[in-house]
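S.K.: Residue-level listing of the chains:
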Amino acid sequence: MAQSEITQADSQSPLMAWAMRGGIGWVLSILPLSLTLYFASLLPTITSGTVLRVSYTWIPSLGVDFAFIVDGLSLTFVLLVLGIGTLVVLYAGGYMAGDRQIGRFYLYLFLFMGAMVGLVLADNLITLFVFWELTSISSYLLIGYKHAYYSSRSSALQALLITGAGGLALLAGLVLLGIAAETQTISELGSRHELIVNSGLYAPILILVLIGAFTKSAQFPFQFWLPGAMAAPTPVSAYLHSATMVKAGVFLLARLNPALGDTPAWQITLTVFGAITMALGAYLAVSQTDLKRILAFTTVSSLGTLVMLIGIGGEHGIVAMMVFLIVHSLYKGCLFMVAGNIDHETGSRDVSILSGLRREMPITFGAAALAALSMAGLPPLLGFVGKELIYESTLDARFAAAAVTTVAVASNILMIVAAGMVAVRPFLPTGTTRHSTPRHPHEPPISMWLGPAVLATLSAVFGLFVVQVMQPIVTQGAAAILGEAVEVKLKLLPTSITGYFLLSVLTIALGIVSYLYARPALMQAGKATRGALEDGFVNGFTDLVNNTQAFARWITRALQSGYLRRYVLITIGAVVSVASAALLTRADLSAIRLFDTPLFLWETATILVILAGVALVLRARSRLTAIAGLGTVGFGITLIFFFFGAPDLVMTQFSVETLSVLLFILILYRLPIFTTISHRYSRLRDGIVAGLAGLLMTMITLLTIAGEELKPLTPFYAEASYVEARGRNVVNVILVDFRGIDTMGEITVLGIASLGIYLLLTLRLAPADGQAEAEDSTGKEQL
Amino acid sequence: MPPEIVIPAIDVRVIAPMLTIFAWATVLLMVDLFMPGKDRKLTGYLALAGLAVTALVTLAVQPAPGTSRTSFSNMVVLDSFGTTLTLILLLIAAFSIAISINYLSYHNIEMGEYYPLILFATGGMILLGQSTNLILVFLGVELLSITLYVLTAFFYPRYTSEEAGLKYLLLGAFAAGFLIYGIALIYGGAGTLDLFEIGAFLNTSLAVGSAFPPGALLVLIGGALVLIGFCFKISLVPFHMWTPDVYEGSPTPVAAFMSVGTKGAAFAALLRILIVALLPFKIYWLPVLGVLATLTMLFGNIAALMQPNMKRMLAYSSVGHAGYITIGIMTAGTHGTESFLFYLLAYALANMGAFAVLITLERRGEMAWSVDDFAGLWKRYPLLAIAMATFMLSLAGVPPTAGFFGKFFVFAAAWEDGQIFLVFMGVLSSAIAAFFYLRVIMRMFMDEPVREVIPIFNRGLTITIGIAVVGTIVFGLLPTPLVSLVQNSVIALGVGG
Amino acid sequence: METLLAIVIGVLYAAGLYLMMRRSIVKLVLGLGLIGHAANLLIFVTGRVQRGSSAVIPPDQTVLVAPFPDPVPQALILTAIVIGFGTQAFALVLLKRAYQAVKTDDMDAMNTTDR
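Chains as they are written, first to last, in the numbering used here: chain A, 1 to 783; chain B, 1001 to 1497; chain C, 2001 to 2115.
Since the hints were made in silico from the structure, they are not lab data. Computed from a prediction, not measured in an experiment: that's the story for all the values here. Note that CB positions come from ideal geometry on N, CA and C, so glycine has one too. Be a bit skeptical, because a hint or two may be false.
What the hints assert, rightly or not - In silico contact screen, one side only, chain A against chain C (beta carbon under 8 Å); selected entries:
1) L618
2) S678
3) Y681
4) T698
Unchecked claim - Here are the computed distance ranges between Cβ atoms for each label pair:
5) A:H679 x B:L1056: 51 to 61 Å
6) C:Q2100 x B:P1308: 23 to 33 Å
7) B:R1069 x C:P2058: 34 to 44 Å
8) B:P1308 x A:H679: 47 to 57 Å
9) B:A1064 x A:V723: 31 to 41 Å
10) C:Q2061 x A:R670: 33 to 43 Å
Unchecked claim - A few chain C positions that, by computed beta-carbon distances, are all more than 12 Å from chain B:
11) I2007
12) V2056
13) Q2088
14) F2090
15) M2107
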């Protein structure tokens, strides 16, 4: 279309060329940056404990408002979404430089950003859901942006199916929640905790909401879609699959914690599933060689940690969750961009061939190193604070504290190994010979290293000034999640030797040892179990999809044969079986009187003639005989009308019947005689079904006659016909006077039928340039 | 001394919309006859003008909210429900004509009679939505059916079109047999064909004693047969089987018209029958419709899952949607009626739009409407792909589209009515449905083009697609005005609350 | 008498439905005709079956005198006959066209459906 031509032409201009080289990222990042600054300016208000609300009426009849809330939780998320968003916008400008359709990419990116901001600010269940789905849609536009390979398509489809199904479950859960709580306003849910938990809907709400959250945040057993979604361009992975979208599930759980939390079901489910996800993600991460896959699995692990912390709950758990949320967003966003830089500059993401990039990419290396230290949880970075808090809360867990702590320690050890693989191995010389990479590496442009550098620096700054920077907002965030005010004291370094400090030391020591010596073993173990733990889920899911498809095909073919006779058979069969069941159980068959009005000879004769006509139609070999049979039936019925006082019907039926017979003969005369083409068996089957249907009809007719006595006469027409309309033939009066409208309808029907006949008979339009011939042949092929 | 002739008080305003459209169609037939040349586009534009005039007439005669007018011995009623429905039907007809104008000449089947036929069918639909007497219901069904038999078989020389016409006609006439038979039985039982009187009859006769009176039994059996007759028209499983075969063979605009218009009108008539006449039998028809709706939603969506043919996929999807609309009908006593109208409009916009997109890709002389043709559409025709994606999302019921609120209202009404199982099945089948709607989106946005297909655009298609997209999104973002409109329509029917 | 008519209705329905399950298109249309007859007869029976009298007001009366047959079903039958005729006529022409297209009377040849 014209659009691409314009792009092509304009790309020659200097401005466009600059934009294509990545300049556009600088310009566009102003938007999220200014929004970030705006929301940052709200920090003093929010940290003082104020909660801002704004609401617009949307669908009053359903109590659905566009309601938004700014509190500690939503502000934290908004700042992460917009702040990292600013850096990603900038980064994408460099990463995607030269891409002709970068404008489209940014459109999706901003769409997603808006949806995400709306989601975290929402204060109404339906508003939240609308934004939730918007994030899904826009994220798939982003994933689908680069899609050269079949594998990336199928994994994106997988992601879409899983989160799509989760979204539906979530909708159901939120609607139920609204019903149980009698409000759609999220900030009011906390005060109705008792009402919700005791409503009887709590179990379905919990299950449905958890399905929604677990699918979105890649929790076990839905964890497998996230690594698959890494087919997206790196800026998208950095943004959606680490810092923002996948945390929407975590956000939801945090947001609904006051409403749904504080029950054993909530605590146990979240803790168990979170812990499993945490361990599984970390375990699988260290057996990968692709940088992005390593990061993807560590993200899975971190998401598990966050869910587990919400499950553990209490002040310790929630504070740990808030801090770790920020920790993870900072270092993971940074590391993804680092991975993107390496990929972009060397053309490879394989850690087994990358090495010694430190010299060529010093700034990137510095950022990576800082982020990895935070990920490993070393002081004075923020990651250390996060890890301390995690151990503090697991040791404090209300159940299975020892088991949970053990799992957490093991996962963290593996995370240190993964951090080393991502940030140390590609940059430091490995001692072995250096593999050549597809491209000669060098430091990327400023737009691409600024993001990682800023995020890594923040990890350090936030760690060093944890009391000043982190404490106020974490306090308010925790208060929002817990639904009550809390007092939080964060500290970088412990003032005394505590149990969890010792665990931290142990973790770091074991982590470094494992990185140095146990990596091949871990890699081996991971590869050995990959079939079950990694591919197993993917294959299981694929099988599920395939089986569903096979089932769908089978059932469609079974019902949809294309044979009219079978459609009729199925219909009659269904009607007869249901109707006779109803009739036999409901009707009072004893009311049927078999012999009432005495028979007259000529009436009996007429009936015999009708039956003979039917037999003729059924048995006829030639068309003319069959038509004669049908005519006999018709005229016989005319006679019956005559015997029982319906002169108008006699006239109409007689003329219509005559016309029909003529028409039949005229049209069917030249067709060949009947041949018996159906199987004897199918004739028998059809005969039985049709016979049963006929029997049913007779029974119903007899019932009708039996009910005759009770039927009130309609005296209106009998009395009003002459008085009001001055017509003596009541039937005629009804048709043309009282109900002129249906006569008009009949005329229209006849008119349309004749119009149709005329059309069909005259429709002999010249085939358009020989198309008709071609079409006929394709038509046959379709058969 | 014969008495004075009493001029019957016929309030023509009640049937003014239908009269207008019939008159316009008849005159249009004449005009077309004397129109020179082979080009029949002018007839199409005149038909559109007729729809506009009918819409104005409809608005001019609309009764005050909460009131209604009757005429012809109470056989037809004009209330806000009827007015809203009529306007929706006119919109559907306008879409159908707009997407037909170039289609017909492109496929070399341009016939001036086509447009009056659409108008006649629309008139039949309007009548169906307004009738309160079973004779008129029968007449309305027949009016639109016969017209559609003609339109279905219209695609010369595509022989699948004749196949479609025959299948539709034979099964349709078969269904009409059920319908008239049921009407006769109801008359046999209640002694009246007036919906209100039937309702009154049932109320008194059921109130008398504990035993089930034979008259009421006949009405029950008759009602069941009428329901079966309608099941054919609205494609409820297992009476849906003609649907995919007929849609595939028909000219695409006709399939579009059938998928929305016939359904809307037939559902509206069924709603009146169930609520006005057969409400005392709710304990019987509620479970029956529940089973039918469940089967329909499940089968329609499952069968659509693997459809490589877009036209058939839309056919099965329309079967599935009939299931959701049925839920709205079932709960008409609470909020179902408004959910029905909302759903109908949302569905009409999305489905008409989807069929219009299909038409842009339909080649002369081709039989297949493969999903493959949509592959990579995004790369080549981004606006078209976005439009199609909007329709698919709306049909799937994903926010922020009108389809989402349609489903939401239907399920909410069902929930309020205590139909928890139905809501569950509805959500489950929506999950299945999401799969194939999203599959189309995936193919458009993520695949490479399989073969080169150049869409054909023309004014009618562009405007239709444009209106459908805007409507789908606007009603998805701001459903409130529409909600208040349909709410008024319900109060007038006398069943809202 | 009514009992006998009820049996006739049943036979007509059975024969009509049987024909509608045949493969020959002509038989389908014939079946349709039989079902139409059956329906008309049925409606007729639901009105009062009265010998001799008709729903015509005698010249010396202003209202119908009992016993008279119910006029409403008769009006309904008239509608049904007319519409049935229209449908049947169109079906016949369509049948002819279909025959020209597939050169056979076998409905199974018209089987475009899911593969």
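S.K.: The structure should be examined with respect to each hint, and the outcome stated for every one.
M.R.: Do the hints match the structure? See the list:
| no. | hint | in the structure |
| --- | --- | --- |
| 1 | L618 | 6 Å, holds |
| 2 | S678 | 6 Å, holds |
| 3 | Y681 | 13 Å, violated |
| 4 | T698 | 3 Å, holds |
| 5 | A:H679 x B:L1056: 51 to 61 Å | 59 Å, holds |
| 6 | C:Q2100 x B:P1308: 23 to 33 Å | 30 Å, holds |
| 7 | B:R1069 x C:P2058: 34 to 44 Å | 37 Å, holds |
| 8 | B:P1308 x A:H679: 47 to 57 Å | 32 Å, violated |
| 9 | B:A1064 x A:V723: 31 to 41 Å | 33 Å, holds |
| 10 | C:Q2061 x A:R670: 33 to 43 Å | 54 Å, violated |
| 11 | I2007 | 16 Å, holds |
| 12 | V2056 | 16 Å, holds |
| 13 | Q2088 | 8 Å, violated |
| 14 | F2090 | 6 Å, violated |
| 15 | M2107 | 8 Å, violated |
The earlier numbered hints that this structure contradicts are 3, 8, 10, 13, 14, 15.
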